[in-house]
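Q: One letter stands for each residue in the lines below.
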Amino acid sequence: MSGQAQSLLDLYRTMLTIRRFEERANALYMEGKIPSTLHLYIGQEAVATGVCAVLKRTDYVLSTHRPHGHAIAKGVAPRDIMAELYAKVTGCCKGKGGSMHAGDIRVGMPPAVAIVGGNAPIAAGMALACKFQKNGGVAVSFFGDGAANEGAVHEALNMAAIWSLPVVYVCENNLYGASTSFSTVFNIANVADRAPAYGIPGVIVDGNDVEAVREVAIEACARARAGAGPTLIEAKTYRLCGHSRSDPLTYRSKEEEAVWRARDPLVIAAQRLKERGEASDADLARVEAEVKAVIDEAVAFAETSPDPLATDALKHLFVGESA
Amino acid sequence: MREIRLIDGIREAMQEEMRRDPNVYVYGEGIGPRGGNFNETLGMADEFGVRRLIDTPISELGFTGMAIGAALTGLRPIVDIMFWDFAYEVAGQLINQAARIHYMSNGQFSVPLVFRGVVGIGGGAAGHHSAVPYPMYAHFPGLKVVVPATPYDAKGLLKTAIRDNDPVLVFEHRGIYSLKGMVPDEEYTIPLGVAAVQREGSDVTIVALARMVQVALQAADALAREGVSVEVVDPRTLAPLDKETILASIRKTSRVLVVDEAYAPYGVGGEIAALAADEAFYYLDAPIKRLNTLSAPAPASAVLEAEMVPTVDKVVVAVRELMNQ
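Those protein sequences? They're chains D and U, same order as listed.
For the first sequence, my numbering begins at 4 and goes up steadily by one.
For the second sequence, my numbering begins at 192 and goes up steadily by one.
It is worth saying that the hints were derived from the structure and are not from the lab.
Careful, some of the hints might be misleading.
To be verified - Residues from chain D that face chain U, not an exhaustive set, calculated with beta carbons under 8 angstroms:
1. M33
2. K99
3. G100
4. I118
5. V119
6. C133
7. A155
8. N161
9. A288
10. A316
11. H319
12. L320
13. F321
14. V322
Note that the coordinates shown come from a computational prediction; the quantities given were computed from them, not determined experimentally.
Yeah, the Cβ is synthetic: ideal placement off N, Cα and C, and Gly gets one too.
The task is simple: from the sequences and hints, build the whole structure.
A: This is the structure in structure tokens:
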């Protein structure tokens, strides 16, 4: 998914893959086939897709308790994540991580960090290693508006700034930290307004416009790779579903949801594709069918995969005890 | 052989490993040109440069998380937290991240991190500069816990910790930083998980850590004059724990006292008592005893401090009680 320049139709396909993956995962969760809970990314797909489109396979992505979109956009195979949601031995973390710790070393994604704000300093450290190793790599930390109020994020932004680390901080401001509305916990209008306090650029972007996101990511990554330091990107977006599967969504209005539903990133991208003549309805239907086949295969793979062996419960506590 | 202080052993271990492996570097507050709060990195910035001795902002949570990220990516960071009290502000990164990433990723990622600092009550440092928190960390799977008691052990164990591919926490007692001891001229390392019998004896086993090893050895001298033969066993690492050496000593002496500067509840003594009860119950001739720092924050007053921590006299009294049972 990441790598060479992608067309808008490519970006649309990635966003659609994330959307359909999560819709199916939600249905399977409701059927009781997927354990625990799921934090869905529905409505925010343009952020992960636009940013990861700029990254190389060897660049690093640090994610959160809401990691499916970041993982798919960075190139983790949908079947490997779906099997992980089922906690099967074929999952990307062999059933030890589950939804909230999806990760795959082959695409530079450590297990997602489900402690809010916890990935920000880790991303800075991975960027420090890239700088020391002079490998041209970049680390990206995705986090929410809620995490922006964690001390760890403040400390990480400051250190990334003073050492000009090749890291990009992407705040996905979906207006709610779980159920807490942005305006009740911030005395400023934008998370990006804090960037000048660290002496770094703060960029606000329409997080539902995948091309706009990609544009700011191109500049931020170029700046990082050039040794000019971090950028704080604030992508204004909206979670079109609940925080987790137990969220009754009582804290926001139907009117607000309708406004954002009309700004669905998939709708915006599809309209633009047709307006520009880059895709017809038939093309979009074909992509839909192709994505459906990928998700169908992912689900079949997960369902037919075995559970981990109970005797593996203590494996991989320490390096070398992992036979 | 030559004589060095324990703090010299810490510094020499870092120096030798930094010469051996360019991916090793040190992170902390004032560990660059200043040379560290305890001179633990004195002169190292001259040799290795400030690129590898990174003076951080006072952002313990942040720079610990950074070290974890760097470790994930192939560097081998040593975090100098100065006082282990400060690590309470950092514990989430150590316990939720460093200890768990290897397991959660099913072995895809590893965290070759060393996190070191001082522990110990003394000098009136009081409530925020006297922590002895290693039992808490030994509780958590995924962490290795090193508690050296001699210059030889401090150097050899720290070198092993730096080469280890997992997160290793090192707890250095400030009260024995100036303790002198012999080390070989040639290079050596000490494996984690191997206890040291610091004094052989036949009547009673004292299990002791860090500064309490010296306290136990002095008590053993006093008790020898009373005709009591004391064996002193230092686990050296709590995770992994060398159960066999401890059990062998208990089976030999049939009496055991655990002397530890950490608090008693849910601690090292309880763990060793459970070990003895599980695996050496029928060898015991007396109840297992613990001697710990009293359960209160460290006080500033020297009078109160002396009341709180295990001393040679307290150890002697405890052993006499054990011998009378």
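Q: Run the structure past the numbered hints and jot down the numbers of the failing ones, going up.
A: 1, 5, 9, 10
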